[in-house]
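K.L.:
Sequence:
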Amino acid sequence: QDFKVLAVPHHTQVFSLLVFKAFLNDPQQDVRTLLAQVSTGEGKSMLIAVLAVFVCLTLRKRVHVVGSDKTLVLRDFENFRTLFHAFAPEVAPELPLERFAVICGDPK
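Just so we're aligned: the sequence shown equals residues 124 to 231 in this note's numbering.
Incorrect hints may appear among the rest.
[Claimed, not checked] In the DSS-like style, the derived pairs of lysine-lysine whose C-alpha atoms are separated by at most 27 Å in a straight line are:
(1) 144 to 167
(2) 184 to 167
(3) 167 to 193
(4) 184 to 144
The hints are simulated quantities; they were obtained by calculation from the structure and are not laboratory data.
Predicted model, so just to flag it, every value in this text is computed and none were measured.
Produce the entire structure from the sequences given, and follow the hints as far as they go.
P.N.:
Right under this line is the structure:
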């Protein structure tokens with residue numbers, strides 16, 4: 124079935140984004156931290172990219188994405204560069220990866 128979207132989101136992605144949205148929009152929250160576990164193959168990369176854009180646009184906060192594998196962090200940035208550029212033009216399509224601070228467990 125053709126849904127006329129780039130990719131049909133996994134149900135875990137939709138549910139996680141709704142939980143994060145409710146958490147981030149709750150003005151009377153006593154809890155300051157929310158953790159989520161997403162299994163292999165359930166779209167962590169897309170979830171993180173969309174959540175980063177959401178936080179930037181709705182909460183007007185800067186977002187730092189930190190990963191334990193430099194290769195995956197760089198891959199995900201490249202894969203979602205056009206998404207980031209669509210919402211934040213300063214993330215230009217030709218902007219070199221070296222301009223971004225990547226904090227990883229990889230000592231290289």
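K.L.:
Hints first: check each against the structure and report whether it holds.
P.N.:
Structure-based check of each hint:
Of the pairs offered as hints, the one joining residue 144 and residue 167 holds, with about 16 Å between alpha carbons and a cut-off of 27 Å not exceeded. Using a Cα cut-off of 27 Å, the hinted pair residue 184 and residue 167 holds, with the two alpha carbons roughly 21 Å apart. With a C-alpha separation of about 15 Å, the suggested pairing of residue 167 with residue 193 holds against the 27 Å cut-off. Simply put, residue 184 and residue 144 have alpha-carbon atoms about 14 Å apart, close enough for the 27 Å limit, and the pair holds.
In the structure shown, no violation is registered for any of the earlier numbered hints.
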